[in-house]
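Listed here are the chains, written in short residue letters.
2 protein chains.
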Amino acid sequence: MYKVKVFVTLRESVLDPQGGAVKRALHTMEYKEVEEVRIGKYMELTVNSTDNVEQRIDEMCSKLLANTVIEDYRFEIEEVVPS
Amino acid sequence: MYKVKVFVTLRESVLDPQGGAVKRALHTMEYKEVEEVRIGKYMELTVNSTDNVEQRIDEMCSKLLANTVIEDYRFEIEEVVPS
Chain A
-16 MYKVKVFVTL RESVLDPQGG AVKRALHTME YKEVEEVRIG KYMELTVNST
34 DNVEQRIDEM CSKLLANTVI EDYRFEIEEV VPS
Chain B
-16 MYKVKVFVTL RESVLDPQGG AVKRALHTME YKEVEEVRIG KYMELTVNST
34 DNVEQRIDEM CSKLLANTVI EDYRFEIEEV VPS
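Protein chains in written order, with the working numbering: chain A, -16 to 66; chain B, -16 to 66.
Don't read these hints as lab results, they were simulated from the structure.
Don't take each hint at face value.
With the C-beta cut set under 10 angstroms, the calculated list includes, among others, these residues of chain B facing chain A [to be verified]: (1) F(-10); (2) V(-9); (3) L9; (4) N31; (5) E42; (6) V52.
If you're wondering where the values come from, they're calculated on a predicted model, not measured in any experiment.
C-beta atoms are modelled at their ideal positions from N, C-alpha and C, and glycine is treated no differently.
For reference, chain A alone in the conformation it holds in the complex (with noise of 0.2 angstroms):
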């Protein structure tokens, strides 16, 4: 069984307004010292154990899980024991 991390950005080219509103909120909140901010999605997948698993996980992210006109991804594959 695999702990499967998924991290999707934003393309550095690519507005974020969201990451915008966030640092004026923090700004706003007298946390000054923020110059940028970048928002993405964080994705936890348990996956059972198959041949294949790193080249699978990719394709989940290029089909699915990222959109990679304007998103970059990247993951880290852990084995997990049960116990």
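Mind docking chain B on chain A? Use the hints.
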């Protein structure tokens, strides 16, 4: 200057209908090995150097970035040397 990565996840006990929908979509796409999907948020903050960075980030998370009633958060702080 610091690069801060913030991970916000739903608490274990909180139902995640969005994750359930993603799981069903993956099953429809024949990725039947996916056992569970939990969806969270991932934020990247660029923060200018100040005192008590860690404490201030923790405050930002608990006051704005996460809803601590239903969400947990954790963060990683990385010092960046501007090139």
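E42 (chain B) as an interface hint toward chain A, with CB separation required under 10 angstroms: At about 8 angstroms, which falls below the 10 angstroms cut-off, the nearest Cβ of chain A leaves the hint on E42 (chain B) intact, so it holds.
Cut-off 10 angstroms, beta-carbon criterion: hint that N31 (chain B) touches chain A: 4 angstroms, holds
Per-residue hint verdict: F(-10) (chain B), partner chain A, C-beta under 10 angstroms: 5 angstroms, holds
Does V52 (chain B) meet its interface restraint, that is, does its C-beta lie within less than 10 angstroms of any C-beta in chain A? V52 (chain B) check fails; min Cβ-Cβ to chain A is 19 angstroms, beyond 10 angstroms.
Regarding the hint that V(-9) (chain B) lies at the interface with chain A, is the smallest CB-CB distance below 10 angstroms? 7 angstroms, holds
Hint status (Cβ of L9 (chain B) to nearest Cβ of chain A, threshold 10 angstroms): 6 angstroms, holds
Hint 6 from the list above is the single one not met by this structure.
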